[in-house]
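K.L.:
Need the complex rebuilt from these two chains, each delivered in its own frame; the hints are there to steer you.
Listed here are the chains, written in short residue letters.
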Amino acid sequence: MSEPSTHYTTFSIEREYPVTLAKVYAAWSQAEAKSRWFAGPSDQWTIVKREFDFRVGGRERVVGKFKIGKVSDFNCLYWDIVPEKRIVYSYEMYVDGKRISVSQATVEFKPKGKGTLLIFTEQVVHLDGYPTPQDREQGTRGLLDRLGESLSTS
Amino acid sequence: MVQQQPARSAALDNLFHALADPTRRAMLQSLAGGQRNIGELAAPHRMSFAAASKHVRVLEAAGLVKRKIEGRAHLCRIDPSILRMAEKWIGDRRAAWEHHLDRLGEFLAEQEAETRRAEPKRRKP
Chain U
1 MSEPSTHYTT FSIEREYPVT LAKVYAAWSQ AEAKSRWFAG PSDQWTIVKR
51 EFDFRVGGRE RVVGKFKIGK VSDFNCLYWD IVPEKRIVYS YEMYVDGKRI
101 SVSQATVEFK PKGKGTLLIF TEQVVHLDGY PTPQDREQGT RGLLDRLGES
151 LSTS
Chain W
1 MVQQQPARSA ALDNLFHALA DPTRRAMLQS LAGGQRNIGE LAAPHRMSFA
51 AASKHVRVLE AAGLVKRKIE GRAHLCRIDP SILRMAEKWI GDRRAAWEHH
101 LDRLGEFLAE QEAETRRAEP KRRKP
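Top line first, the protein sequences correspond to chains U and W. Going by the working numbering, 76 is the number at position 76 of the first sequence; the sequence numbering is gapless. Going by the working numbering, 46 is the number at position 46 of the second sequence; the sequence numbering is gapless.
It cannot be assumed that every hint is accurate.
As the list claims (entries may be wrong) - To be clear about the criterion: a stretch of chain U counts as covered by chain W if any three or more of its residues have a C-beta under 8 Å from a C-beta of chain W, and this derived list gives those stretches: (1) 9-16; (2) 56-62; (3) 79-91; (4) 109-123.
It is worth saying that the hints were derived from the structure and are not from the lab. All C-beta atoms, glycine included, are put in the ideal place defined by N, C-alpha and C.
Isolated chain W (complex conformation) (with noise of 0.2 Å):
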C-alpha cells in the first residue's frame, strides 16, 4: 500500500532550491502558459538579462526547464516530467485501489468458476 522509491538527494536538493525563490516560481507560472525567452521571463521581474539567464540555469539545473538556444534567442520551455511524478504520487492511493478492484475482479471470476464446476452436482436427481 506503500511503495517505496530510492532517493535521490542531489536531485531533490536541486529541485528544493529551485523552488525556494518566489522569482523562479513566477518565471515557471509563466513557462506553464508556453514557451518564452529569458527577455519575456526578465520583463516582469525587472530584471537584466544575466540575471534572468541565472535563474533559468537553476531551473535547468533541477530539471523543471529545458533551454533552447536558436541564434540570440534562448527560448525556454518547461518539462513536465519531474511534475509527472509528482502526479504519480497523487495516483499512489489510485493505483492502490486499481489493484484492490483488480483483484476483486480475479476473485469474482474464481467464485463463477467454482459454481459453474459445483452446478452439475447440484442437478443430480
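Looking at chain U on its own, in the form it has when it is part of the complex (with noise of 0.2 Å):
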C-alpha cells in the first residue's frame, strides 16, 4: 500500500459530430442512447449495474467488471443541465472498491456548421498509489508526474 497521495490534472478534449446538436445531446441524456456508447472496452468489459438518473441532483452509476477481474465503478451527480448546452457533473472512480479519483467534468455543446462541436473539460484528483503490485508502475508515474511539474514550473 502505498502512501496517500494526491495528483491534480485538467484536460480538455473537443470533438466534431456531423448530426445535428439535438442527437448529440440525446446520446448524453437519454438511459438506452447513453448505454450505447459510455461503457468499457466491449473486448474486456462487461457491464454490472448501469444506473441512470438524469437531472439536476440525479445520479447514474455504471459498475463493470474487466476480463482480468478488476471491477470499475462510475459513480455520479449531476449538478448542472441546461438542455443541448451543457452539462455539468461530479464522479468518483473506483477500482475493485477503491476510490482512485474524483473528478468534475463540464460537457459544452455547440453548433458548427451542419454538425456539433462538443468540448469535454475535466479537472481530476488523482488518489494515491496504487495497492497492488502491478499497479506500481502507475503510482511511479505520479511521482514522475510531481517530478516533471517541478521541473517545468522552475
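P.N.:
Written out as C-alpha cells, the structure is:
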C-alpha cells in the first residue's frame, strides 16, 4: 500500500460530430442512447450494473467487470443541466472498491455548420498510490508527474 | 478504464533511488534548462567533479540523463522519455475519454444510417 498522495490534472477534448446538436445531446441525456457508447472496452469489459437518473441532483452509476477480474465503478452526480447547451457533473472512479479519482466534468454543446462541436473538460484529482504490485508502475508515474511539474515550473 | 503495465522492477528501483536525493533533483532541474557539463552541475553544490560525476552516474542509470564525453568535457542532458511516461499517465483519463467520445461518434453515425434506412418507409403514403 502506497502513501496517501494527490495528483491534479485538467484536460479538455473537442470533437465535431456531423449530426444535429439535438442528437448529440440525446446521446448524453437518454439512458438507452448513453448505454450504447458509454462503457468499457467491449472485448475486455462487461456491464454489471447501470443506473441513470438524468436530472439536476440525479445520479448515474456504471459498474463493470474487466476480464482480468478488476471491477470498475463510475459514480456520478449531475449538478447543472442546460438542455442542448451544457452538462456539469462530478464523479468518483473506484477500482476494486478503492476510490482512485474524483473529477468534475463539463460537457458543452455548440452548433457548428451542419454538425455539432462537443467540448469535454475534466478536472481530476487522482488519489493515492495503487495497492497492488502490478499497479506499482502507475504509482511511480504519479511521482514522475510531480517531478515533471517541478521541472517545467522551475 | 484502467490499463495495466508490466512491472519493470529494476528500472523502478533505479528511478526511486535517483530521485530520492535532493542534490540529484536539483541537478535535474538545472538540466531542464539545457545541456550542462559536470563542472556546471557541481558548482551550486560546492562539490568535486568526482562527486558530481557519481551523482550523474546514478541519474544515467535511472535513464533520466544522458552523458556525452567530448574531449575533457562531460556534457549532460536530460532524457525526456521517462518523463513522457509520466505524461502518458496524466493522459490516461484523457485517453479513456477520447475512447468514449470516439464511440459516441460511431454510435451517432450508426444512428444516422438507421434513420436514413427508415426514412423511405415513412414517406410511403
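K.L.:
Against this structure, judge whether each hint is valid.
P.N.:
Here's how the hints hold up against the structure:
no. : hint    : verdict
1   : 9-16    : holds (count 4)
2   : 56-62   : violated (count 0)
3   : 79-91   : violated (count 0)
4   : 109-123 : holds (count 3)
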